[in-house]
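Asks: Residue numbers (this note's numbering), protein chains in the order written: chain A, 1 to 524; chain B, 1 to 255; chain C, 1 to 151; chain D, 1 to 81; chain E, 1 to 492.
Honestly, the hints are just simulated from the structure, not real lab data.
All C-beta atoms, glycine included, are put in the ideal place defined by N, C-alpha and C.
Incorrect hints may have been included.
Estimated spans, in silico, between C-beta atoms of each pair [what the hints assert, rightly or not]:
no., chain 1, residue 1, chain 2, residue 2, range
1, E, L297, C, G149, 56 to 64 Å
2, A, K162, E, A290, 35 to 43 Å
3, A, S363, E, T468, 54 to 62 Å
4, A, I497, B, A2, 46 to 54 Å
5, E, L297, A, W483, 43 to 51 Å
6, D, S22, B, I6, 16 to 24 Å
7, C, T59, B, L18, 28 to 36 Å
8, C, K148, A, G417, 49 to 57 Å
9, B, A2, C, I146, 14 to 22 Å
10, B, I13, D, S80, 21 to 29 Å
11, A, P33, C, I146, 34 to 42 Å
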Amino acid sequence: MVEQFPILIELCPLFGAILIAILGFRMPKLCYPITVLAMALSCAAAIGTFMMMLASPSGTVIYDLSGWGRVNDTAISIEYRVDALSALMLVLISSVAFLNVIYSKVRVAQETPSKIPHFYILYLLLVAGLEGITITNDAFNLYVLVEISSLTGYALIAIGSKRAVISSFNYVIMGTIGASFFLLGVGYLYIKTGTLNMSDIRSIMEAIPDDSKAIKVGFMLIMIGVWVKMAFFPLHGWLPNAYAYAPTATGALMAPLVTKVMIYIMIRMMLSVFGPEYVYETLGWTDVVVTLSTIAIVAGSFFALSRSDLRKMLTYIIVAEVGYMVGGAWLANSQGMTGAIYHLLSDALMTFCLFMVVGIVVSRTGDPKLTAFQGLYRKMPITMVGFTIAALSMIGLPPTCGFFSKWYLLRGGIEAGQYHYVGALLFSSLVNAVLFFRLIEMAYYHGAHAHGEPIRDEDHEQYRMHGADPDSQPKETLANAPWSMLGPMLVVAIGLIALGVFNSTVTEWIGQVVANLNVLEGAN
Amino acid sequence: MAPMKIVALITVIITGGLLLYATGDFPAWGDPLSPANNSALSRHYIEQSRVETAVPNLVTAVLADYRGYDTMFETVVVFVAGLAILAVLGQGTSRERAAIQRSAERYQERDMINIMTARLIVPVLQLFSLYVLAHGHYSPGGGFQGGVMFGASFILIALAGGLPEALSRLSIPGALLLAGLGVLLYGGTGLVCMMLGQNFLDYHILHRLLPATDAVMARYHAMLIVEIGVAFTVTAIMFIIYAALSSRGRMTGGL
Amino acid sequence: MEFIVNNFNYWIYVILMMIGLFAMIAKNNLIKKLVGMTIFQTAIILFYVSIGVKGEGATIPILSYEQVHGTHHVEEADHAGEDDSHHAQADLPEIDARTITNPIPHVLMLTAIVVGVATLGVALAISQRIFHFYGSLDEDVILAKIQKGDG
Amino acid sequence: MIAVFDICILIFLVAIAIIALSVKDLLASAMILGIYSFLMCLLWAEMGAVDVAFTEAAVGAGVSTVIMIATVYQTSRKSSD
Amino acid sequence: MEIVTSIIPLLACLASLLAVIPIVVFRKSPNLREAATVVAGVAKLSLVLTMLPGILSGKVYEFTFIEIIEGIPLQFRVDGLGMLFALVASSLWILTSFYAVGYMRGLKEHAQTRFYSFFAISLSATLGVAFSANLFTLYVFYEMLSLATFPLVTHNQDKEARSGGRTYLSYLLGTSVGFVLPAMIFCYVKSGSSLSFTELHDWSGVLDPSAALLLLLLFVFGFAKAGIMPFHSWLPNAMVAPTPVSALLHAVAVVKVGVFSVIRVFTGVLGTDFLSTVDVATVVSWAAGATVIISSLIAMTQDNLKRLLAFSTVGQLSYITLGVSLLATQAVQGSMLHIPMHAFGKITLFFCAGAIYVATGKKYISQMRGLGRAMPWTFGAFAIAAMSVIGLPLTGGLLSKMYMIWGAANAQQHALLAVYLVSSVLNGVYFFPIVYRAFLGKPADGEMHDRVKEAPLACVIPLVITATVSVLLFFFPGVFFELTTLMISSKS
């Protein structure tokens, strides 16, 4: 059973979904426990796979579906391939999804009461799709899984409010363009290599002359495809509305994971399919792409500054963060790639944490504007602790993981001599500082009594510290959220710090993946 | 929306130019020795699948066995689509329902000729779809095509006799159950392989369960099983899609 | 002529795809966008199917009975058992891979068609929902309504 | 010979795609798209992709057209472009 | 140089951090809460003192937590300069604690628990900076200090406090993230993965002069707590904080962390030897010199006493930066010495300002005519401290200033030498009128100081002590002097 862990990651959500489809419509009460169970098992299997990866001498785990194995060194059926990068992503996805199920139980019942089974089935399949993307080693299978995660995503967004529906339509159009470009790119690779297995494509491509137009255009198509789906700056139009108007649980799942998984595909394609020599040296696009990502970071930060809606602001930060990672991956050195991958993990957790906080705040105050934060430190202290940690991480202050990802990215940028990228990173950190301290200040001080007010009684102060202000909204609406929401949020907040403190361990794992980059640098 | 048109035009010209530029590098159309056609993978499927699976239709063999995992997710895609549509359109409020009821009334008077024709066609269609499904190993077709046709027979009933007529034969919960069972049949087959100690979807081990089969024929039969699973799901979901879209999710009236 | 035949499929697929892409971006009506999307996706399928073609002499990817079971009787082949499958191979007639169309693109495109119809269905459902909310399927009208509603 | 047949269908496809996108009546557009799918299916069958053609006939020309028409009926038939 | 691995630096740093727990636990009983603060302060000082003999005998204490990034451990390393700074900060914390008790109770301030907690955290961060063994550790604690002091600066929670806090944080975070972080990573990349103060500063051949200049400027302006113009304006704005905060943090901890970091950059990161070969430090000298003069001029126009002190601080900080940027041994030693000398002087001045506010509620100098007779102790201390800050004989300030002037003369920077002299005169010009009017001036029309008494003893005693220390430092500068000599000799 041990060696079956890789497939179990995928099967748990899949069978969970089937089970709900069969039972859930008759017994809606079963949906939630089944989902939690499926996600927990999937998470356990992901951790198991991670352990397998660590234990394996080559650092990779191959799982062969249909049991055909390789014939003449050609994979004739679909296979799974887990290396450090995908193992980390799997653990990330499954744990985020697991925590989000627990977190969103209350919200699902409130926001979509008539569609609970639908919601959970789509949710599980979305997770299955995302996990499948990170684990599969077959380019076409990757496309199918991308489409599964997209289709479920469209629906999960569209069951939201009025605005969500229209943004979901845009998402369908853009998502289809992106996925189709990806499919076309895979076709271009197939026409030149005759295989779909990513490792085999790589080995066959080594024999193909570097100036092959089809390969070059295929690479371009794949990149444009994933850029559309990850909302890389000029192609980001669909994202802000889609995530901002989606139901809470959907937003909290999709915002941290979907763009990150697309970045994973980009990195996977660059490192494992085309190979760093091809991507960085033969093509020589690094300057262009890094410049584009600089623009993405700056533009995303500017847009974020101009928004007064909480979730809109966060979505534009996501756009900027995508620029971080694309730029990092294209810096053409191991530091930049390490930074990009590490940021992938840390940004997913940060975004997740922030979306959870915003979900709690919006659900408690009913106000989607920034002003919802006014005076929240007293009313919802625990939520605000989580918020503060996530905000510090977003700004990039030690010891949170946001600092270390920025560290690696900056280091990569300096080593590569891409100073405009370095500048953009710093600019965006400062913008984040402005954005989040504005909120922290609002949450901390608004409605607080100023110095010189008549009330100076110590006991009274204590009462105010812990209870609601007598003159503010009624207590029951602003009391702290239920623990099912707070617990996962706190876990993630602690995770942010833990990931920061143990960053060298994580980068050591990533080191295996970027090792061939080091070789490249050594050759120069 | 002129600016959008210009943006689109520029995008299209650039992308089109790129793609046309790359076609120059393609092997000639129809070249049997092109990398794709002459790859080890393709040759393996053509030359070995008869030995390994005993299925003459190479597409079926590759679809249901070598790339069976893909096909399982293809089924899941269909399943997702049906659920997504139900989730998006959802149950309407009572006021909407009343409005649609009024507009639906004009469909109430059904054309006798349509109904009679449908009655003639539907059994043939269903029988043929079963043939397509069952004969997928030897001829074009298989679970997916058979399922679509079977689903189409229900759509035909709905077109001719109104959606309630079709729903009385296959209700939405029933269809969902069927769809779930279809995916379960597919995934379950894979799971059974796993329980017998092999990898997921490695059908050959099923010869322990299926009487009078060897490893090759186990694959052959397992493929039929999963194709039936596909057909279940596709039948159910095609009908659900039609039912939901033709009534805006209210499941009344119809075209 | 040779040159045209060799590349015509690929040219047409590009043209169809660009028609679809243009419609997806530039068309105002949501249904029209979806029509464009369908054309876009079929163009890609056309491309894939074109990859697998093997000249005029090749047959469809379905083997004949003899090619699969050899000249033996079915019963014998069935009873040959696991170990004898290699033995049975010897009696099978040779297959020239060049004479049979490449099945891989077909398999892939079956999936792609399904994905296409699934996407279309979901998109249609969403556009029905949009029509329900905004009373129109024209992007201009919808945007104007949003702007009016949200100030 | 078959190549000429091929080329004719391909040219026809382009024409039909343009027509499907330019008619203002969405119902007509959906129907023309059905024709487009049938032509495509013909083309694929000719190219040896019988399974794909079969599927396209059932799905592209059949179900897709039907659900598109259903949507047109449920929404509006007119298009501004 | 003997290296001792010891946990004492960590304990010294943690002492105040751990004190947060009892402070929060005893939030309902002010006496216990404040006792916890004081006990932690004493514990901290004694921990620091236990290391003093070792340091003086040439030992270096080290403590490493974990390697946080490849090649960069989170590491403490106590050397002469760190010891000097730690000694100043921890001893003044105890006094400030007493003073704060008097001040906060005297004004019946709100949210005192928060105040004491963050105060303690700030002290931990300060010691962390003092003990940092590498630039990275320093940066971590530097940021921690910025954040921990934010709630203190905005303690009043009114509009002014919030806007002051906003300026405070945006200047400090903006410069540290925007300038220091890239400069640090640049160093890390160029030096081949090291940021340790003992391993860096072999830059010849690695950096060309323009890169060195850029790096230097990024650091000097990036450590905005050092208050070089134009990144000084957070300091006057931060004066909205309660006076104990201003006193400790803005005369001692925060600003001194800034100049401490600048000294570290000069001595530990870029290295005075390297800098003297590329000759770029003069840019910093001129920036600092300009800051000295300009801030003194601005201080002369101020009527709000705390703002005046703030601008005076800006000028004094730039003395230190100027001194170290001269790169001459005496000047560097002088600037190190100036840390304790100025600290004791300036904290006395702030204590006095606070004491006046507690006793009379007055903030403006124009209101203080004749007040000296009503509050002789306070204004006596004020006069002594002012002398120290100006650098007059019989106060510690003279010594450090003398060293810096000596260094300037050695470095042949006569213009900068003039800056020292002119600014001393200017200091005198803005301080003496205050003292003069307080003792000899007549109260403005209708104002009576008859009912004015000295502030509570908890306020007065600390300021008397610090004033006394300012004087004593003139006669017994021994410890501080030795510590700085240790640094200078280990460098050369």
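Asks: Can you give the numbers of the hints that this structure goes against, from lowest to highest?
Replies: When the structure is compared with the hints, numbers 2, 5 turn out to be violated.
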